[in-house]
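Visitor: These protein sequence lines map, in sequence, to chains A and B.
Each residue of the first sequence is one higher than the last, beginning at 0 in numbering that gives the first Met the number 0.
Each residue of the second sequence is one higher than the last, beginning at 0 in numbering that gives the first Met the number 0.
Keep in mind that the hints were calculated from the coordinates and are not lab data.
Quick caveat: nothing in here was measured; it's all calculated off a predicted structure.
Ideal Cβ placement from N, Cα and C applies to all residues, glycine included.
Any given hint could be a false lead.
Claimed, not checked - Interface residues of chain B toward chain A, partial, derived using beta-carbon atoms under 7 Å:
1) Ala94
2) Phe96
3) Arg99
4) Leu112
5) Phe115
6) Ser116
7) Pro124
8) Gln127
9) Glu219
10) Phe269
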Amino acid sequence: MSANLRRNFMLDGIARAGECGLFFVAVIAALPGSLRHLRELCRQVWFVGAMSLVIVMTCGLFVGMVLALQLYYTLSIFGGTAALGTVVALSLFRELGPVVTALLVAGRAGTAVTAEIGLMRATDQLDAMAMMAVDPMAYVAAPRFLAGVIAMPLLACVFNAMGIFGGHLVGVTWLGLDNGTFWGNMTATVDLYKDVLDGFYKSIVFGGVVSLIAVFQGYTAPPTSEGVAYSTTRTVVFSSIVILALDFVMTAFLT
Amino acid sequence: MPVDSASLSTSEHAAGAGISSDALVQVRGLRTRIGGKIIFDGLDLEVPRGSVTAIMGPSGTGKTTLLRHLTGQLRPDAGSVRVDGREVTTLSRHALFELRERIGFLFQNSALLTDFSVFENVAFPLRQHTRLPEELIRNVVLTKLQAVGLRGAANLMPSELSGGMARRVALARAIVFDPMLILYDEPFVGLDPIALNQVLRLIATLNRTLGITSILVAHELAAVRRVAHHVYLIADGRLVAQGAPDQLAREDSPWTRQFFGGEADGPVPFQYPAPDYAADLGFAGAAR
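Generate the whole structure from the sequences, applying the supplied hints.
Guide: Below, the structure is given as structure tokens:
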């Protein structure tokens with residue numbers, strides 16, 4: 000890659016990031032208008048939230064189970080298997096719940112939102128709305144953004160619950176830890192404000208980021224089949240990178 | 000919807016006779032440049048109230064762009080666009096949306112909302128802008144669908160419609176608010192002769208019975224002749240000819256000759272601008 004090409008690449012990236020920032024401002028400005036389209040908002044929360052339940056629950060269960068297995072092995076080296084419930088719950092609430100849920104939602108709902116809006120753009124549906132004096136930012140973009148912000152923390156809660164259930168299944172039912180110790184240590188150590196709420200904040204932010212990227216990519220997708228395909232891919236790639244980077248930053252600030 | 004008696008008496012082929020003189024749409028000195036390419040270079044035109052006006056011209060001359068200027072989807076670099084006495088180029092977003100509620104726009108690809116049924120597509124503007132009771136919405140929508148002959152298709156999804164049907168549904172949606180102006184973007188493209196005649200008849204009927212001013216962008220000379228009172232021929236970013244369709248077809252200027260005669264070469268060159276042919280083939284030195 001020549002220096003010139005590299006510079007263009009960087010400039011393009013910065014320009015796109017700036018565009019996305021302006022788009023964010025436009026979405027926020029369109030939020031009050033979108034409250035008129037409550038039905039559309041409900042439909043989107045249902046689509047992002049309820050329709051993602053199966054994948055989120057399944058993945059939550061397995062993540063909790065594997066977490067318990069790995070941590071049991073590590074803890075047994077130090078003779079601390081009694082802390083298994085605590086460690087599983089803390090890992091889920093503080094880290095894995097918000098992050099893995101966000102990655103899953105980006106893959107399942109984010110891509111669908113991008114492709115849908117991209118195709119609406121390609122088939123003039125967004126222009127048609129504007130011509131019918133319906134602001135597509137308020138009718139299409141803002142409800143999908145808001146739906147992500149609402150659905151993500153709820154999905155993360157479900158993920159956490161399934162994860163703890165999975166951890167319990169492996170730790171207590173399979174490996175034979177004492178049930179009382181598992182729950183007792185967990186409830187004694189996990190703090191509502193420090194641990195659970197921190198994770199909750201994270202998933203609200205991730206919900207906003209994932210749906211902003213998905214809506215932005217769809218809205219600016221070139222109106223060709225290749226353009227929509229690229230944008231869909233970019234939604235997953237950018238969401239994943241931003242989620243993980245932001246997770247680090249937020250963890251550093253919150254703890 | 001005020002209907003002046005003059006336009007009611009106007010027959011389909013009256014070629015502009017009896018149209019009131021005040022202009023619903025007035026374009027003055029329009030200049031637009033998109034991506035470095037000059038689209039309009041001082042365009043002037045007027046569309047009288049209650050008329051059917053066709054805008055013709057070679058592909059790529061910005062006919063669709065002109066429609067987008069009229070609705071304020073696109074702002075020109077210079078010039079004035081007045082619709083119903085209001086300067087579109089400087090309208091606020093809110094005022095623009097108010098104006099658009101009185102303008103119907105028929106997209107080239109119909110642009111129906113694919114998530115909604117035919118009924119919901121036509122009901123969409125009503126639901127968004129009014130709080131009418133469900134029963135009334137149903138009546139209005141079915142009336143409009145009946146007008147385009149598709150009341151029986153109310154429950155179909157857009158994916159189940161043929162191109163001609165989709166265009167008629169889009170037309171029903173465009174007239175659901177009884178607009179003062181309808182803009183048709185290439186309404187005849189891709190239609191079979193039957194569907195074309197149906198759409199043609201609808202355009203004429205809407206104009207005659209409701210007095211709706213219509214502007215259509217089209218290439219089909221035969222179709223335009225049957226419905227339009229006035230034709231503007233645009234090329235090279237400006238107006239090159241105008242008049243009643245029959246009169247224009249007889250006019251003997253290079254532009255009208257090429258366009259209406261369908262000649263391959265003329266003011267619109269067959270060759271896209273290119274460097275010297277011999278030089279391009281590497282024979283530059285050979286030119287002795």
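Visitor: Next step is simple, just say for each hint if it's right about the structure.
Guide: Hints versus structure:
1. Ala94: violated (11 Å)
2. Phe96: holds (4 Å)
3. Arg99: holds (4 Å)
4. Leu112: holds (6 Å)
5. Phe115: Given a least distance of 10 Å, the restraint on Phe115 (chain B) is violated.
6. Ser116: Violated, about 15 Å.
7. Pro124: Hint holds; Pro124 (chain B) Cβ to chain A Cβ min 5 Å, cut 7 Å.
8. Gln127: At 5 Å from the nearest chain A Cβ, Gln127 (chain B) passes the 7 Å test, so the hint holds.
9. Glu219: Result: violated, 21 Å to nearest chain A Cβ.
10. Phe269: At about 28 Å, which exceeds the 7 Å cut-off, the nearest Cβ of chain A leaves the hint on Phe269 (chain B) violated.
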